[in-house]
Every structure is written in structure tokens, then in C-alpha cells.
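These are the residues of each chain, in order.
Protein chains: 2
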Amino acid sequence: MRVLIPYDARNPKTRLSPLFEEEERAEFARVMLKTVLRTVDQAGHDPTVLATAPLDCDWPVVVDGDCSIVVDRDWPVVVDDRPLSVAVNDVLDDWDTPLCIIMADLPLVTVEAVDRLLDQQEDVVIAPGLGGGTNALVIRHPEFRVDYHGTSYRDHRNHAQECGASVSTVDSFRLAVDIDDPDDLVEVLLHGQGEVTDWLADAGVRLSETASRTTIERV
Amino acid sequence: MRVLIPYDARNPKTRLSPLFEEEERAEFARVMLKTVLRTVDQAGHDPTVLATAPLDCDWPVVVDGDCSIVVDRDWPVVVDDRPLSVAVNDVLDDWDTPLCIIMADLPLVTVEAVDRLLDQQEDVVIAPGLGGGTNALVIRHPEFRVDYHGTSYRDHRNHAQECGASVSTVDSFRLAVDIDDPDDLVEVLLHGQGEVTDWLADAGVRLSETASRTTIERV
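Chains as they are written, first to last, in our numbering: chain S, 1 to 219; chain U, 1 to 219.
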């Protein structure tokens with residue numbers, strides 16, 4: 001299945017500013033993006049990045065005539081600087097369903113979690129994020145459109161029902177944890193692997209056990 | 001399978017104090033406990049409450065001779081006022097494995113999530129909680145003992161390996177969300193159902209959408 005991966009290429013992960021400088025945040029965001037891309041690839045699907053700007057990444061990129069499509073060696077990148085929901089809905093206008101949308105800040109994603117998401121056959125399948133967000137969507141209904149503003153999990157459920165689309169959710173911790181705040185990195189250190197945990201270790205981020213809960217610190 | 005459900009019957013959910021008085025917190029904790037008990041029951045397993053004090057609950061209780069075992073009409077209650085890990089390990093000394101331990105503050109638990117937890121056949125199966133905790137455990141290895149202090153997810157994995165026990169984790173959002181802080185109630189309002197969401201609605205707790213994220217407010 002085609003999998004769209006929206007990515008903020010301009011000033012990603014601002015809420016990680018207490019820990020990382022702008023350059024570091026951009027680098028960590030790219031490492032998370034690559035983790036999601038590789039996992040979708042390994043699960044046998046076709047990822048396309050939907051980026052707000054051309055990617056400053058470590059794989060070769062070729063910009064086509066009108067600068068709106070960037071094709072890298074492995075994964076195509078569509079560039080659209082409009083707000084997230086507008087850009088995703090524009091893709092939905094142009095592409096056929098089924099289409100899957102997975103956020104780029106889910107470094108805990110595994111092949112098994114992608115399989116479980118795509119195994120469900122309802123018209124709309126939602127992987128809720130913590131705090132009311134929508135971290136992944138499978139769309140098989142031609143009228144369904146996204147709205148990531150606000151409590152999007154609830155809004156997407158309601159919108160699916162308005163369209164007459166069947167809807168289900170996938171119960172996955174790995175899809176529910178998106179990385180926004182420093183404390184979210186606890187989950188990456190405990191449950192992540194590979195480049196993303198290596199990057200955090202190199203940056204000096206490690207677990208910190210206080211009396212009541214586990215947090216992170218940068219040393 | 002026998003399922004042990006540890007429960008703090010004395011001063012539960014102190015971190016919900018910004019929202020609820022002590023009596024309310026006790027009532028909400030009991031509603032969450034009942035949700036977990038009913039779900040384990042519906043999944044076809046045998047729950048036993050491991051409580052720090054006799055339960056002040058709405059089902060009849062009968063205290064046996066030495067006051068350490070309370071049997072209610074539906075679910076047995078073992079009373080042990082020692083620290084959580086000591087009390088659980090004492091049960092592990094006395095009971096045969098396999099044994100499952102599920103926390104009482106998981107009101108999003110479903111029959112499907114319990115099934116997925118118990119379907120895994122490793123010697124030790126862990127359902128991680130957010131922030132490094134252990135929200136559910138299946139123990140099939142006679143030497144494995146629990147230690148809920150600190151980053152217990154990591155410690156339980158290490159301890160399983162020390163015992164020579166095979167270990168796996170279950171990828172479940174519904175088992176990962178334990179209710180400690182007011183913001184955790186966002187997940188209950190969005191993904192819960194039945195008595196637990198009714199109780200919150202009666203208490204005036206509802207979603208509040210701010211610019212950046214969804215929180216809760218009490219009106």
C-alpha cells in the first residue's frame with residue numbers, strides 16, 4: 001500500500017528545544033523519519049514523504065522540473081508548504097485510495113505494528129496518539145478527508161461516520177507514542193533501537209530515575 | 001489463568017488530588033478496579049484482588065478467620081499491607097505459575113488486550129506502562145520475582161534474562177495507559193467506556209482543547 005509520511009522539514013520538534021539546538025532537532029527529526037521510512041519499507045509498503053520543504057538529508061535527491069516533487073534514490077518526496085491537513089487532503093484528491101498516512105515522529109514503530117494497522121479492513125482505521133492525536137490512518141473510503149487540528153482522533157471518528165465509512169482503531173503502544181516533549185524520549189530509550197537510540201546516546205541523553213517516575217536528562 | 005490485581009485501598013491516586021477530594025479519588029479508584037475485574041472476568045480468567053486493606057466496596061465481603069483473606073461474592077480479595085513487590089512475591093511463593101498480574105488503574109483494558117497479553121507464550125510477558133513502568137505481567141517461570149520500584153520495565157526484562165526465562169512484550173496502548181495524573185484522564189474520556197467514563201462525566205470532568213494539545217478540565 002502507498003504510505004504517506006508527513007514531515008516538517010523547516011523547524012521540526014520545537015518542543016524539544018529545552019534539550020536540543022535547532023540543528024540537533026533537525027537531525028533527530030530526520031533520524032526518526034528514516035526509522036519510519038525503513039520500517040514501512042521492510043513491512044513491504046511504498047512510503048512517500050510529504051515534506052514542507054525539500055529535505056536536507058543524507059540520501060541523494062533529484063528535484064524535478066517544477067520543484068514540487070523531489071525523488072531520492074530510495075523514497076520519493078512530495079514537497080508542499082501548506083498546512084498539514086490541506087497538503088494531505090490534496091494528496092487524497094489526487095491519489096487513489098487505499099492510502100495510509102503515518103507520522104514521521106513515531107520512532108518506536110515496528111513491522112509488526114504496521115502489519116496490525118494494515119491488516120484491519122475497515123474503511124477507516126485509526127492509530128490514536130497519546131493526547132487525542134491521530135498518529136496513523138488507513139483510508140479506504142473515497143470521501144474521507146483529514147483534519148489534524150485539535151482532538152483529531154475524535155474528529156476523525158466522527159468524520160468517518162458522517163461519510164458512512166466503517167471505522168476501527170488499532171491498539172498499539174508503538175504507534176501511540178509520538179515524540180514531542182523531552183519526557184517522550186523515555187519511551188525511545190526504553191523501547192527503541194538502532195539509529196534513533198544511538199543518536200540519543202551520542203547526544204548524551206539517558207534515563208534519570210527520580211523517586212516517583214523515570215524521566216530523562218542530558219549529560 | 002489466575003490474574004492478580006494489586007490495589008491500593010488506603011490512599012489511592014494521590015496525584016489526582018488537584019482534581020478530586022480523597023473520597024472521590026477512592027471512589028474513582030474503585031470504579032477503575034471494577035472495570036479491570038469485569039474485563040478479566042469477561043476474558044474468561046479468574047481475578048483475585050491483592051489489596052493493601054479490606055475493600056470498602058459495593059459488593060458484599062466476608063472476612064475469614066485471620067483477617068488476611070476477604071472473599072466477596074464475585075471476586076476473592078487477598079489483603080496484605082506490605083509494599084507492592086513484597087506482597088506480589090509472597091503470592092508468587094505460594095501459588096503455582098502461570099500467574100498474570102494486571103494493575104488496577106488500567107480502565108482502558110479490553111477483552112482483546114487481555115487476550116493478546118495471554119496469547120503470548122514466553123516465560124515472561126510484559127505489558128509496558130508509559131514512563132518505564134510494568135502494567136501487566138504474565139509469569140510462567142518459577143524463579144521470576146517482581147520489583148515494581150523504579151524503571152520496572154527494564155528491570156523485569158533484565159531479571160527474566162537472569163532467570164534464563166524467555167521474555168516478550170505486548171504492544172498495547174490500552175495496557176500502557178495507567179491513570180496517575182490528571183492529564184491521563186484525556187485517554188479515559190477519549191477511549192474509555194461504561195462506568196468509568198460515566199463517573200468522570202458525573203464529576204464534571206471533560207476535554208479541554210488548548211492551542212497545542214488536548215487536556216482536561218473540571219467544571
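Just so you know, not all the hints are guaranteed correct.
Since the list gives no way to pick out one identical chain from another, each pair is judged satisfied if it fits inside one copy or across any two copies.
To be verified - Calculated lysine to any residue pairs in the SDA-like style (CA-CA distance at most 25 Å, straight line):
1) K13 x G131
2) K34 x A165
3) K13 x D93
4) K34 x Q161
5) K13 x Y148
6) K34 x L118
7) K13 x S166
8) K34 x P142
9) K34 x A201
Honestly, the hints are just simulated from the structure, not real lab data.
Evaluation of the provided hints:
1. K13 x G131: Both, since 17 Å and 20 Å are each at most 25 Å.
2. K34 x A165: neither (32 Å within a copy, 33 Å between copies)
3. K13 x D93: Cα proximity of K13 and D93: none, with 28 Å in one copy and 48 Å across.
4. K34 x Q161: Result: close neither inside a copy nor across copies, 34 Å intra and 31 Å inter.
5. K13 x Y148: within (16 Å within a copy, 32 Å between copies)
6. K34 x L118: within (20 Å within a copy, 33 Å between copies)
7. K13 x S166: neither (33 Å within a copy, 37 Å between copies)
8. K34 x P142: Close neither inside one copy (29 Å) nor across copies (42 Å); limit 25 Å.
9. K34 x A201: Cα proximity of K34 and A201: one copy only (17 Å, versus 42 Å across).
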